[in-house]
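Visitor: Chains as they are written, first to last, in my numbering: chain A, 3 to 315; chain B, 1468 to 2116.
FYI, nobody ran anything at the bench for these hints, they're computed from the structure. As the structure is a prediction and not an experimental result, all values here were calculated from the model. Note that the Cβ used here is the ideal one computed from N, Cα and C, for glycine as well. Treat the hints with care, as some may be off.
[Claimed, not checked] FRET-style restraints, in silico, Cβ to Cβ:
#1 Thr65(A) <-> Ser1497(B): 14 to 24 Å
#2 Lys159(A) <-> Val1571(B): 39 to 49 Å
#3 Gly127(A) <-> Val1571(B): 22 to 32 Å
#4 Arg1569(B) <-> Gly127(A): 30 to 40 Å
#5 Phe171(A) <-> Leu1481(B): 33 to 43 Å
#6 Val113(A) <-> Gly1821(B): 53 to 63 Å
#7 Leu299(A) <-> Arg1619(B): 13 to 23 Å
#8 Thr65(A) <-> Phe1488(B): 34 to 44 Å
#9 Trp225(A) <-> Gly1821(B): 20 to 30 Å
#10 Thr69(A) <-> His1573(B): 32 to 42 Å
#11 Gly127(A) <-> Leu1481(B): 15 to 25 Å
#12 Gly77(A) <-> Val1571(B): 46 to 56 Å
#13 Leu1653(B) <-> Leu303(A): 51 to 61 Å
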Amino acid sequence: MLTYLARRLAFAVTTVLAASVVSFLLVHASSGSPGAITAGAGATPAQVAAENHRLGWDQPLVTQYLTWLGHAASGNFGVSLIDGHNIWSDLMARLPVTASIAVFATLLSGVFGVLIGVAAAVRSGLADRAVTVGSGVALSLPQFWIGILLVYLIAIKAHLLPATGYVAFSASPSQYLQSLALPVITLTITGTAIIARTTRTGMISALRQEHIRTLHALGTPPWRIRYVHALRFAAAPVVSVLGIQFIALFGGSVVIEQLFALPGLGQAAQNAIGTNDFPAVQGVVVIATVVVVITNLVLDLVLAAIDPRVRTA
Amino acid sequence: MRVPRALRTVGGVLSAAWLVFLLLASVTASWWLPYQVDAQDPAHTLAGPSASHWLGTDDLGRDVLSRIAAGSWISVGPALLAVVVAFGIGIPLALLAAEHGRWVEHGFSRFAELLLALPSIVILLAFVGAVGVHPWAIMTVLGVLLSAPVYRIFLGQAQSLRTRLYVDAARVNGVSSLRVNLRHVLPAMATTIAVQAAQLFAISVLIEAGLAFMGFGPSVPSPSWGGLIAAASQHVYDDPWLMVPTGVVLALTVIAANGLADAVGGGREREAVPARHRKPRTTVRAAAGGTHDAGGMLLDVRDLTVAVGGPDGHALVTGVSFALPPGTVLGLVGESGCGKTMTARALPGLLPAGVEVTGGSVWFAGRDSAGRDLAGLPDKELRAIRGREIAVISQEPMVALDPMFSVGYQLTQPIRRFRGVGRAEARRIATELLGQVGIVDAGRMLRSYPHQLSGGMAQRVCIALALTGSPKLLIADEPTTALDVTVQAEILSLLRALVRTTGLSVIIVSHDPGVVADLCDEVAVMYAGQVVESGTVAEVLGQPAHPYTAALLAANPHVAEGLPVPERLPSIPGTVPAPPDWPTGCRFASRCSLATAECAAPVPATPAHGAAKVHGAANHATGTVRCVHPLSSPAELPVPHPVERGVPS
């Protein structure tokens, strides 16, 4: 178990390093230069060169990367080329926004998805077909399209919730929840569809296992067979997919954050890329990778807790 | 010409039709488009559907239908490219890794894991930041990122395919590895490739639309679908309709891709498990009610009929009768496919979904009743009998225990339910039961998980599990078939000891007359869903009256000590007919060397082995045989083919 953990940790660090190298190379492959941005439009080539020299852009790549890495290791991602703000503190201020959406949407998708998936597997017949078709349609619509539809129906027509914007929890807990409601519902619709499908497939295959027949032969009550034994057997893939979803929500909520004007990490990524803010791009990639890596580690531990075959292998 | 599997379902046809239509429409768009893509009509801006603009117009009065059609290639093409790139990288690497073994596989797999652990959307955006907005280039990068999951999926497939015999044979015959891959491995993967490609295409279309929605799509004048939706979202307040056409076309495309994947994959696990064992009450079985002379028998089965698909379906077991006095061991013996397992599983109502008892009775003298017909009981009442009165141990001990729970949990849980005791007492009883089945270190066993057990140990635990409810009848379905020979002997002697010490009655299902001779008091020989001969072990196995019993004994590969080993193993020619092919006459006639014209008429069971009547619960000393001309002495044994015959042990 310890060597397993050590191996996973080593892999996690490698992943973060790889992501930082990739983003570093991408930034340097770009045709622009940071000097051109800080010097502003209309600057002479000499002024741009002077700015690039000040920012260290003329140093050898390896030196630049190691300097960046040294700073990044101590939580210093440099300052934005656009507004001079500290990138680390800007990203940390944005983290709670994205984290709130991701956590709420993952939890709700998990709860609804498992309930619906189990119902479909256990009831079969019409309910099963309805779930299969419904989740198929939900998965075929782009999230941003569902989001716009919800904005139209709930915010514009029914005036139930604000269409866009974000209110911090510390400012007003109730407005915080209201501002998150629409994006979270949007993401939960897709998430529920995926989890329901995974749960349904898992339960159906679990209920066909030989050990379920042993339980029937012992006169075990049906609820215990379904909700203790079959559900536990089906849990591992469901948890894996939930983890993948959480990752996708963290890294991929860019579209949703734009749609609902939420000041999260996705918006930061979009801004940084749109304005060629090189250090900010690198910072976003690294933070996103760290989130992925931590989620994967937690996922491994949860899977080991669920399945003794993983735990004691 | 053979119709491809994908086109044999309605969903598959519709999906394929939509995708073909889309492709044709996008390629020919310039010829039939009613309006130029950028033709503006200032008089009709943000208009809904009308005769001149079928899907309405946008904020500049441009025709929505024309724009969707014109934008279809730029919305779908790059997604196709991503799929091609992902498979172009993923599959060759998977084939190479499967071919070149550990080190190559290790390297590739670590790299794939790394790619999978990267936040792909953010990397994709960083790439956009570096090279600018070029849809084809961006989707190529997406293809590289997606090659990791593709590699993962096909590595497993390629590895298992390479171990297949025919692939191995081709390699041994000196076929070059490229040809082996092209001729044997790739075609075998075709279905999975098609399914995965369609699904990946659906994902790529959605990702590309998302990028375009954010403004990272094709530059503004050429209308990609994501861009169209982004533009429409600006008018969600004054013209919500504008969102609908593009959204529907996009969704239909994704649905079609997924639908095609489903159709190609053959709609795996489409059917959910039937929720309950529904037990339709049939009139046939109601007739079995009323009084019954159990005659001191623990179990009295009469004319049991089991069918798949209801009373009008195919019968799997017909007219099976046997009785079991308390404390005896009965063997059900016969070749595979004779209905032994179905008969055994019908007794406690544990038939697979779709299979049910359609006639006859199963009288069982329960602990607290003089006897009742189990065949007429609803599932709820049978549940109270299972485990408590009748327990079952299965063929495959390695998969009969729940891998997620410890042995301790799996034993104490039914003990607490059956005996109404607390946790500590249940654990004590579990320890005792484990001792009873010959497990010495019970404490350690209780903490173990099923995957840590050997087959023999797992079967011992299964037997202990069957004893948790102190049942009166144990049904053991081929309890030793999956085990090593030495372990088989141990389990058999354990069962023998249990019968002796607990007075348990046992029904053993086996294809091995040796096991039956070893363990049983009585035996019922089954052939093609019928009992063809029954009686005590000494009578039936010593002086078989039915030619099938004799042939079965002769085909037994065990050779008694001191006798010469036959050059060729004797076997019964032919195979057991499948239920739909059962003749009206003797079902063994087609394989019987003694068959005559008389055998074509239905053959009733007749008394044999000195019995006076067929059904004799009151007078149990019965034997039966279902044969027109039963063998009267061992000399008449039909000689099974081939001629060099073995000596029955």
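Visitor: Are the hints correct? Go through all of them and say.
Guide: Right, here's what the structure says about each hint:
1. Under the hint 14 to 24 Å, the C-beta atoms of Thr65(A) and Ser1497(B), about 54 Å apart, miss the expected range.
2. In this structure, Lys159(A) and Val1571(B) break the distance hint of 39 to 49 Å, their C-beta atoms being roughly 59 Å apart.
3. Between Gly127(A) and Val1571(B) the beta carbons are some 49 Å apart, a value that contradicts the proposed interval 22 to 32 Å.
4. A C-beta distance of roughly 48 Å is found between Arg1569(B) and Gly127(A), which places it outside the suggested range of 30 to 40 Å.
5. Between Phe171(A) and Leu1481(B) the CB atoms are about 48 Å apart, so this pair departs from the stated range of 33 to 43 Å.
6. Between Val113(A) and Gly1821(B) the beta carbons are some 34 Å apart, a value that contradicts the proposed interval 53 to 63 Å.
7. About 19 Å separates the C-beta atoms of Leu299(A) and Arg1619(B), a value consistent with the hinted range of 13 to 23 Å.
8. In this structure the hint that Thr65(A) and Phe1488(B) lie 34 to 44 Å apart at CB is violated, the actual value being about 57 Å.
9. With their beta carbons about 23 Å apart, Trp225(A) and Gly1821(B) fall inside the hinted range of 20 to 30 Å.
10. Remark: the range hint 32 to 42 Å for Thr69(A) to His1573(B) is upheld by a beta-carbon distance near 33 Å.
11. The hinted window of 15 to 25 Å between Gly127(A) and Leu1481(B) holds, with their beta carbons roughly 23 Å apart.
12. For the pair Gly77(A) and Val1571(B), the supplied restraint of 46 to 56 Å is violated, since their beta-carbon distance comes to about 39 Å.
13. Distance hint check for Leu1653(B) and Leu303(A): the Cβ-Cβ separation is about 39 Å, which falls outside the suggested range of 51 to 61 Å.
Checked against the numbered hints given earlier, the structure breaks hints 1, 2, 3, 4, 5, 6, 8, 12, 13 and satisfies all the rest.
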